[in-house]
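Residue numbers (the numbering used here), protein chains in the order written: chain A, 7 to 670; chain B, 48 to 198.
Since the hints were made in silico from the structure, they are not lab data.
Any given hint could be a false lead.
[Claimed, not checked] In silico SDA-like pairs for lysine to any residue, Cα to Cα no more than 25 Å straight-line: (1) B:Lys108 / A:Gly243; (2) B:Lys110 / A:Gln457; (3) B:Lys72 / A:Asp451; (4) A:Lys389 / B:Leu141; (5) B:Lys110 / A:Thr391; (6) B:Lys138 / A:Ile381.
A quick note: this is a predicted structure, and the numbers were derived from the prediction, not measured.
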Amino acid sequence: MLGDLGFFLLLICSVVSVYGCISATIAAKLRHKKLYKSSQYAVFLTGALSLCSAGILWYMLITHDYSVAYVVKNSSNDLPLIFRITAFWSAMEGSHFLWTLFITLASCVALATYQKDNEHIMPYVSAFLQGVMAWMFILAITYSDPFATQFPPVANGTGMNELLQNYYMAIHPPMLFIGYVALAVPAAYSIAALCYGDVTEGWLRTVRRWTVFAWVLLTAAITLGGRWAYVELGWGGYWAWDPVENSSLMPWLFATASMHSLIVQDKIGQLKRLSIVLAVFGFFMCFWGTFITRSGVISSVHSFALSPIGPAYLYFLAGILLITSIIFAFRAFLILPSDVDKAWGISKESALMITQFLTISFITIIFIGTMFPVISEAITGQKITIQAPYFNSFSPFIGFATIIVMAFGNLMRFQSPKIPGGKKIMITALLGSFPLTAIFYYLGDLHLTVQTYQMVAQLIGCYLVGWCGICLTMDYLQKLKIVGNRFGLFIKRNLGYNGAYIAHIGFLIAILGFLGNYRGMREEYVMTPGQAEAIYGYQLRYDNSGIKTKKVENAKVTFVTMNLEKNGKVVAHIEPGRSLYPTKPEYLHEVDFYGNFWHDIYISLAGFDPSKNNEITLQVYVNPTVRLVWLSVIIMCIGGTIALLDGRRGQRSKDVVAAKWEVA
Amino acid sequence: MKILYIFILMMGFFGVQAVAQDNNKIDFENIAGELRCPTCTGLSVLDSDAEFSNKIKDIVKEKLKEGKNKDQILEFFVGRYGPWILREPPKEGLNLLAWLIPLLVIILGPLFVWFRFWKHQPNKVDYQLVSREEILEKFHKELKTIQSKKG
Numbered sequence: 007m008l009g010d011l012g013f014f015l016l017l018i019c020s021v022v023s024v025y026g027c028i029s030a031t032i033a034a035k036l037r038h039k040k041l042y043k044s045s046q047y048a049v050f051l052t053g054a055l056s057l058c059s060a061g062i063l064w065y066m067l068i069t070h071d072y073s074v075a076y077v078v079k080n081s082s083n084d085l086p087l088i089f090r091i092t093a094f095w096s097a098m099e100g101s102h103f104l105w106t107l108f109i110t111l112a113s114c115v116a117l118a119t120y121q122k123d124n125e126h127i128m129p130y131v132s133a134f135l136q137g138v139m140a141w142m143f144i145l146a147i148t149y150s151d152p153f154a155t156q157f158p159p160v161a162n163g164t165g166m167n168e169l170l171q172n173y174y175m176a177i178h179p180p181m182l183f184i185g186y187v188a189l190a191v192p193a194a195y196s197i198a199a200l201c202y203g204d205v206t207e208g209w210l211r212t213v214r215r216w217t218v219f220a221w222v223l224l225t226a227a228i229t230l231g232g233r234w235a236y237v238e239l240g241w242g243g244y245w246a247w248d249p250v251e252n253s254s255l256m257p258w259l260f261a262t263a264s265m266h267s268l269i270v271q272d273k274i275g276q277l278k279r280l281s282i283v284l285a286v287f288g289f290f291m292c293f294w295g296t297f298i299t300r301s302g303v304i305s306s307v308h309s310f311a312l313s314p315i316g317p318a319y320l321y322f323l324a325g326i327l328l329i330t331s332i333i334f335a336f337r338a339f340l341i342l343p344s345d346v347d348k349a350w351g352i353s354k355e356s357a358l359m360i361t362q363f364l365t366i367s368f369i370t371i372i373f374i375g376t377m378f379p380v381i382s383e384a385i386t387g388q389k390i391t392i393q394a395p396y397f398n399s400f401s402p403f404i405g406f407a408t409i410i411v412m413a414f415g416n417l418m419r420f421q422s423p424k425i426p427g428g429k430k431i432m433i434t435a436l437l438g439s440f441p442l443t444a445i446f447y448y449l450g451d452l453h454l455t456v457q458t459y460q461m462v463a464q465l466i467g468c469y470l471v472g473w474c475g476i477c478l479t480m481d482y483l484q485k486l487k488i489v490g491n492r493f494g495l496f497i498k499r500n501l502g503y504n505g506a507y508i509a510h511i512g513f514l515i516a517i518l519g520f521l522g523n524y525r526g527m528r529e530e531y532v533m534t535p536g537q538a539e540a541i542y543g544y545q546l547r548y549d550n551s552g553i554k555t556k557k558v559e560n561a562k563v564t565f566v567t568m569n570l571e572k573n574g575k576v577v578a579h580i581e582p583g584r585s586l587y588p589t590k591p592e593y594l595h596e597v598d599f600y601g602n603f604w605h606d607i608y609i610s611l612a613g614f615d616p617s618k619n620n621e622i623t624l625q626v627y628v629n630p631t632v633r634l635v636w637l638s639v640i641i642m643c644i645g646g647t648i649a650l651l652d653g654r655r656g657q658r659s660k661d662v663v664a665a666k667w668e669v670a
Numbered sequence: 048m049k050i051l052y053i054f055i056l057m058m059g060f061f062g063v064q065a066v067a068q069d070n071n072k073i074d075f076e077n078i079a080g081e082l083r084c085p086t087c088t089g090l091s092v093l094d095s096d097a098e099f100s101n102k103i104k105d106i107v108k109e110k111l112k113e114g115k116n117k118d119q120i121l122e123f124f125v126g127r128y129g130p131w132i133l134r135e136p137p138k139e140g141l142n143l144l145a146w147l148i149p150l151l152v153i154i155l156g157p158l159f160v161w162f163r164f165w166k167h168q169p170n171k172v173d174y175q176l177v178s179r180e181e182i183l184e185k186f187h188k189e190l191k192t193i194q195s196k197k198g
């Protein structure tokens, strides 16, 4: 009953957004203000209705209404309340619905809070956003219907996917989707600018806001996903370069590239068209990622046809690509070139251009690595695999090159080949980085690296990070000196630069964290109670209490207590275990780890046998500098948020007069 | 140059210090790290404890005991499961493209950008644009004439 109401609301939403898209397009063509207003109200109506519809699904999940198939598949009577709420996005139909809901809400915000400067392009923005919404709503009522009925109703659901019953997984998808939909708005503005044939200053301000916002959320969301993999999957790492992860990284990289291209556009008016292309591709990649993960195309080309949603996505993607390329091909010439004479050569804008190049190359590599098996299978019929080693053979070079360009890009100034105080900064950084590398070498236990090439890579990485960090900091101090060391004023007037400085430092710390992957250790131990093993300067003792069980929410957890001792003193109790959920016969990992700033001792329980004198098999990992990765992401997000608050970027001039409406 | 020299020296010094570990374990980890877990996404046999992966790990250990080297063992698995079992495609045939395209992008990309964009900038005259510098110059001139008239 309720389910039917929810479905009906979605049906109305799809009709209204089709209307909104058409009316906005006509309004844009005729410059008809009232028609545009009507399309704007259409968005608000869709927003309200889809919220109601989402409310219904939530209500059904919380109250165990098993008349809907989605509730049956993703909930059960013993599921705790928090996971009944997050069950909303724990399967395909629901997460598609969540995405649809967010893009609708983002469109409402975008159309309600536009700037006066942009008024003339808003009909196009509205048309683009509602076009995307219309497609998503139509998908939600056809192939991906969250309200499909369960007949006959059952008494208990089959339960949520056990792996997703984790707090990181509870907030990861919504954050990721908000990041994705925030990228849709810059894309809409880009298409609008092309259709209208002009990029205004207000355009840049709005697009920058949305892009930075998306970047912050995607950064946090991707890391939460990594954190989830780290604590839940039990293989000791956080990033496996699998297609799902890659497809969330590509939009992030596009957002990163876009932010940097917007800086050039802001300061000297160049790279307008590049900004447009990057914004559109960032948006496109969000859907591309969903396509490759949902359609099953990645596991095999042949499983693609099995799900009806795959071809639907493919048509949509092809349609978007076709329409945007046609618009770009016919309208790009209307975007005026910059009005500055002296640009490029050796200068900050060139350094930023090289950053773009590196980022786009990295995206290309990831794209090839993700899609090549599919293409190759389609051509030759033979299945191949591309996994982490492929990506790991390219990414260090891209990373190191990025660090070098980052330092020069920050030191240089626009339209000038000179680096103010360059000699001093360079010498200090080149020399000062040696002690930093040495400190890191000893504190970070770099001597435990096994292979020489890994050692070389780490030393180069540490040295470059130290060098770049010193360069950035000295540049910061130099800029601070220009305003007479008035710190408050400097921060207040340069939130963008301050945020960027913090985010860049965060990025460098992340690189240091990633370098830890070169010196990780793994051991497998078979132990009986009381036995101890030495690892990495610690003593790992299996507690005499043996194999224990406890009940956590709806799962039965079997665990052991390991005492981690250093110099005879117990530092920590680590309790790795296996959990058994009522809905699945297999044991899942409940890893546990002890971490200090420099490394994690990460233990997963690979096997246990109570009948054989409580014997257990442990996988013990020493993961250096994982904590730096989490820390760096927090720093990067803080930096991004500070940059987001900058109201002065994109305000170089406000001399653009918005076009008049033909019909008022 | 001197700094580079010091750096190389330092690297050499640290490189020598890298601890030697049990060679058998390293070989095993190298081999198991290059085989994919057939039943999971994105993981190597080494990282996974799925049943299938455990069997493969046992076979690898056995073959190492028999004295087979890395290439022989990998070849054995390719013969059994096809190149799909390797985490990187073998560098031959069509798969070569997966390696060549990134290299080409990195090498030819800058050249393309250089010739297409930096050398070929849109002509401002076509767009009837006046650059900011020219406008400034014009104003300065006018200011000077006004000042000279006043004086």
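Status of the hints after comparison with the structure:
1. B:Lys108 / A:Gly243: holds, 23 Å
2. B:Lys110 / A:Gln457: Distance of about 23 Å is within 25 Å: holds.
3. B:Lys72 / A:Asp451: holds, 21 Å
4. A:Lys389 / B:Leu141: Between lysine 389 of chain A and leucine 141 of chain B the Cα gap is close to 12 Å, so the pair holds against 25 Å.
5. B:Lys110 / A:Thr391: The given pair, whose Cα atoms are some 23 Å apart, holds under the 25 Å limit.
6. B:Lys138 / A:Ile381: Distance ~16 Å between lysine 138 of chain B and isoleucine 381 of chain A Cα, so the pair holds.
Hint compliance for this structure: no hint is broken.
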